[in-house]
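These protein sequences, in sequence, are chains A and B. Following this note's numbering, the residues of the first sequence are numbered contiguously, the last one being 183. Following this note's numbering, the residues of the second sequence are numbered contiguously, the last one being 1804.
These are computed hints drawn from the structure, not numbers from a lab. Check each hint, because a few of them may be wrong.
[Said to hold, decoys possible] Derived lysine-lysine pairs resembling DSS-like cross-links, with alpha carbons at most 30 Å apart:
| # | chain 1 | residue 1 | chain 2 | residue 2 |
| --- | --- | --- | --- | --- |
| 1 | A | Lys148 | A | Lys71 |
| 2 | B | Lys1498 | A | Lys91 |
| 3 | B | Lys1645 | A | Lys91 |
| 4 | A | Lys163 | A | Lys74 |
| 5 | A | Lys71 | B | Lys1498 |
| 6 | A | Lys163 | A | Lys176 |
| 7 | B | Lys1498 | A | Lys74 |
| 8 | A | Lys63 | A | Lys148 |
[What the hints assert, rightly or not] Only some residues are given here: those of chain B computed to face chain A with a beta carbon under 7 Å:
| # | residue |
| --- | --- |
| 9 | Glu1447 |
| 10 | Gly1494 |
| 11 | Ile1537 |
| 12 | Pro1550 |
Ideal Cβ positions, reconstructed from N, Cα and C, are used throughout, including at glycine.
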Amino acid sequence: MAVGKKDIECPPYAEGTPLSDEDIKSGKVTYVEDHPDIRYSWTAGQAISRFLNGLKEGKILGVKCNKCGRIMVPPRMFCELCFKPIDDWVELKDTGTVQTFSISYIDPDARPLPEPIIVAVIAIDGASPNMGIMHILDEVKPEDVYIGMKVKAVWKSEEEREGAITDIKYWKPLEG
Amino acid sequence: MVAVVGVGYSGFDANTPDLSWKEIMYEAALRAYTDAGINPRRDVDSFVTCAEDIYEGFAIFDEFVPDQLGAVVKPTCTVCADFLYGIATAYMQIRSGLADIVAVEAHSKASDIQTFGNVVKFAMDPIWLRNVGNAHPYYLAALEMFQYMGERCLSEEDVARVVVKNKNNALLNASAPYAANVTLDDVMASPKLFDPMKKMEIAPLADGCVVFVLASEEVAKELTDTPVWVKGVGWWSETYGYDTASFSAMYAYKAAKMAYKMAGITNPVKEVDFAEVDDRFAFKEMQHIEALQLAGKFEVARLMAEGYFDRDGALPVNVSGGNLGVGNLLEATGGQKALEVVLQLRGEAGKRQLSDVKVGVAQAWRYLPANSGAVAVFGV
Ligand SMILES: [Zn+2]
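Let the hints inform the model, and build the full structure from the sequences given.
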């Protein structure tokens, strides 16, 4: 099932009374602008720290619950279905299957992207069903992507990797 | 009737570099379910979490809570308020017959917030309050404090005594990271960061999580021989405007009135054995003692100086160490207070155990710059 590029207009157009940037700058609309500086540094914790350290080494790590038998990725310290601690850590393959995808044409500000971004949920080989990583696909034309496509991670070089999900640059088709 | 049949917590710590907020939630939840002797996947009908997106750094934070609580594919909702509002929500769910067993959770991972001052500022009206000057918004508490001191004829020593009491109380609480054997001279020598407010009068941030399991009377009696009853709950809001509020903790007065009425308490001074009140700024404890009708308007300072609110006093307040000893736990603040009340009523408070206590009150404010809060009355 291939989905090709659609002939669409971005952003979606709606009838109305348009306001230009100039109208706002010139004070035609009464408004107050604020740009709060709010920052966080989330502690990754036991499970995700190990996962991120694994990415730095070019490995995708998962965990196993012996009660329900699931192999879970991203890892967690407890099985959310059995509500008990996980039993084992397992190294998973850096290959998987496209479970769903979207060819996305506009950025968060609704501006057209120079090239569409293909976002996909990838079911990781060796993990249980519905266990996957959301990431992006590349080295493939949008019209050639399909659900069920086998893909492989394309990693940053060892020196570039920093222990982040972006240590995987993108996923590409396993064949051809 | 609704009972507390299980309590669990993790922390409380100044920082938690080894655990994520998910992991501290899991720890507290697991302890609470074990304490209650239940399996959350099978037994809990409804889960209530208390969280504020801006403290978490996530939008729609309620999406992130089920896994750690055993709540996946179960009824779950988040109350954007303190833990005690969660207790009130659970109380209503049980009393209305919607649920027999409800889990309530709140946590603080304040150490994840890099710019706490700006997070507090974010709660101020952006049009005419937020960007007036660039002082750290703790000055908001100092404004209220100075007015309150004037209206109640309080000296700086009167307010400082709250810090001495609570930080020393905290020495008997292993989960109070800011415990210290400070003297009145130490507190008086603390620098004034927001004149007249001293640095030591401000509760520093802390991490932790509290989970309660509440049950209907029938189920509670099956689960435990020692239920702690939720005798009353109350909550109240004044107005959001910092320039229009009464600065008299009306929220605590009205919320307590609501909770006392439900609990059948007509004379709080006589009928309440001890209280855990919000002391995230030292003067707030005095204001809240007054609002909870645990002392007369002009008596709080004198009674405080006489030791009336000490651990061995007639009406102990913040025997846990309060926020000044345990830390500012954000939306888990009321959780730590309710936890202390339950542990005391169960006789499980260790070396700080009060003797012969039957009724305790927990109170929490929604913090700067709010004029809202909740109260819960617990009893055995
Ligand atoms: Zn499992």
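Hints and how they fare:
In summary, the hint linking A:Lys148 to A:Lys71 is not supported, as the alpha carbons are separated by about 35 Å, beyond the 30 Å threshold. A hinted pair counts as satisfied when its Cα atoms are at most 30 Å apart, and B:Lys1498 with A:Lys91 qualifies at roughly 17 Å. Pair hint B:Lys1645 plus A:Lys91 holds up; C-alpha atoms about 27 Å apart against a cutoff of 30 Å. The straight-line distance between the Cα atoms of A:Lys163 and A:Lys74 is roughly 36 Å, outside the 30 Å bound, and the hint therefore fails.
Restraint check for A:Lys71 and B:Lys1498: the C-alpha separation of about 23 Å stays at or below 30 Å, so the hint holds. Of the pairs offered as hints, the one joining A:Lys163 and A:Lys176 holds, with about 6 Å between alpha carbons and a cut-off of 30 Å not exceeded. Simply put, B:Lys1498 and A:Lys74 have alpha-carbon atoms about 20 Å apart, close enough for the 30 Å limit, and the pair holds. Annotation: proposed proximity of A:Lys63 to A:Lys148 holds, straight-line Cα distance about 28 Å (limit 30 Å).
With its C-beta approaching chain A no nearer than about 5 Å, B:Glu1447 sits inside the 7 Å limit, and its interface hint holds. Hint on B:Gly1494 holds. Least Cβ distance to chain A is approximately 4 Å, under the 7 Å limit. At its closest, the beta carbon of B:Ile1537 sits 6 Å from a beta carbon of chain A; the interface hint therefore holds under the 7 Å criterion. This hint holds: B:Pro1550 has a C-beta 5 Å from the nearest C-beta of chain A, less than the 7 Å allowed.
Hints 1, 4 from the list above are not met by this structure, while the remaining hints are.
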